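Using the sequences plus the hints, can you model the full thing?
Position 196, counted from 1, in the sequence shown is what our numbering calls 245; the numbers after and before it change by one each time, with no gaps.
Hints are not guaranteed to be accurate.
[Said to hold, decoys possible] 20 Å max Cα-Cα, derived EDC-like pairs, lysine to aspartate or glutamate:
{"#": "1", "residue 1": "Lys261", "residue 2": "Asp297"}
{"#": "2", "residue 1": "Lys218", "residue 2": "Asp237"}
{"#": "3", "residue 1": "Lys225", "residue 2": "Asp104"}
{"#": "4", "residue 1": "Lys287", "residue 2": "Glu183"}
{"#": "5", "residue 1": "Lys269", "residue 2": "Glu302"}
{"#": "6", "residue 1": "Lys320", "residue 2": "Glu282"}
{"#": "7", "residue 1": "Lys218", "residue 2": "Asp232"}
[What the hints assert, rightly or not] Simulated DEER-style distance windows between Cβ atoms:
{"#": "8", "residue 1": "Gln288", "residue 2": "Arg341", "range": "20 to 26 Å"}
{"#": "9", "residue 1": "Phe399", "residue 2": "Leu274", "range": "45 to 51 Å"}
{"#": "10", "residue 1": "Tyr145", "residue 2": "Glu209", "range": "16 to 22 Å"}
{"#": "11", "residue 1": "Lys320", "residue 2": "Arg61", "range": "32 to 38 Å"}
{"#": "12", "residue 1": "Asp162", "residue 2": "Gly126", "range": "54 to 60 Å"}
The hints are simulated quantities; they were obtained by calculation from the structure and are not laboratory data.
Just so it is clear, the structure is predicted and the values come from calculations on it, not from any experiment.
Where a beta carbon is used, it is the ideal one built from N, C-alpha and C, also for glycine.
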Amino acid sequence: MASSVFFCGLLRIRSFNALEPRLREKPFVRLAGATAERLCSADTLSRSLRSMDLDSVRALSVGLVAQAERNKVLREGWIGALRCVALDGWEPICSYNRHCGGCLVRLVKVKQDGEIVEVEQYYHRYAVAMLIDERFDLALDFEPLLPNDLRPPGAAKDDEDEGELTAAKRLLRRVKQTFGWIDVVVGDGLYSNGPFLTLARELKMGAVLIAKKETDEPLKEALSLWGQQPAQEVIEDKQAAERIDLWDCPDLETLDSYDGPIRVVRGRVTKTDDPTAEPSTWCMLLTGKATRLSAHQGLRVARGRWHIENTGFHQWTTRWHFAHVFVHDADGIQALYWLFFGAFNLLTLFLYLQLRSYGRD
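Next up, the structure:
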């Protein structure tokens, strides 16, 4: 059963209904390693996913990445020889009708009979961890956001569904425990807070986090210190057709919820081949191992967070059919994604090892 689902993902078959005719074809039967003349039906695949042991199917994807690390595929690291993992939230499935015990629920406004009404929408959302690199990106782990009745006891707001940050903290602990060689966690503005920075330090990881709110510390203090002074460093990147102005402010300790120094870096990126383009500004917080990076390297890592959006979520939705509802069951969906992530990682590593030039496109 698991091998059939795995090859469904690897071959990018859009649904179990589209897979079902292949379950009777001899080449696919041999590919799945079966000895019978035909495999099961699509309904049987759905039922088997609901009963699969999650630790077993997770071991497939984890084992692929661990084997790649043992084979020195990841030994070079990325920028500054650091191996970086990006965290972000992903919502692949939503529905107004179908739901299961693991669904999150929200009220959304829709137009019905010419009137705007609020209806319940059911959805599944996950915190996802992806290894980001210039050569390839690998899906490491994911953690579901839990509905209010499944949340651990003692939550601050028991009447609400779980938030992304809570699930991401659980995920980061497991990622570090599973892949101890990960050096730096990269996240967007949601993660730029003292408790998350404290967790990263406890796990002996560095952090590169986007800072967006100019009224929040320590970005507020850094902006005050920089004032109107010119950039401390200017880099002309002819290959990317960019001019990068950089400001750097190390060892700030103005964030009350974090006991330790934080380095703040600001980068203003201007496209030199398009005079009409508006400059984009990036502000980021660096702690731990990430502080050994130069200001330009820190900016590159922060901008690299988009790998999880582009290589991950965008490709999984548009090219891998991961957003299709193959099965609507909390455990079944997790089992499916573990097998699909294993297929994604296998193809990624195969292309890199065979071509040595695999890009995110």
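How the hints compare with the structure:
no.: 1; hint: Lys261 / Asp297; in the structure: 16 Å, holds
no.: 2; hint: Lys218 / Asp237; in the structure: 14 Å, holds
no.: 3; hint: Lys225 / Asp104; in the structure: 17 Å, holds
no.: 4; hint: Lys287 / Glu183; in the structure: 18 Å, holds
no.: 5; hint: Lys269 / Glu302; in the structure: 12 Å, holds
no.: 6; hint: Lys320 / Glu282; in the structure: 17 Å, holds
no.: 7; hint: Lys218 / Asp232; in the structure: 16 Å, holds
no.: 8; hint: Gln288 / Arg341: 20 to 26 Å; in the structure: 24 Å, holds
no.: 9; hint: Phe399 / Leu274: 45 to 51 Å; in the structure: 49 Å, holds
no.: 10; hint: Tyr145 / Glu209: 16 to 22 Å; in the structure: 21 Å, holds
no.: 11; hint: Lys320 / Arg61: 32 to 38 Å; in the structure: 34 Å, holds
no.: 12; hint: Asp162 / Gly126: 54 to 60 Å; in the structure: 58 Å, holds
Violated hints are absent here; each numbered hint is respected by the structure.
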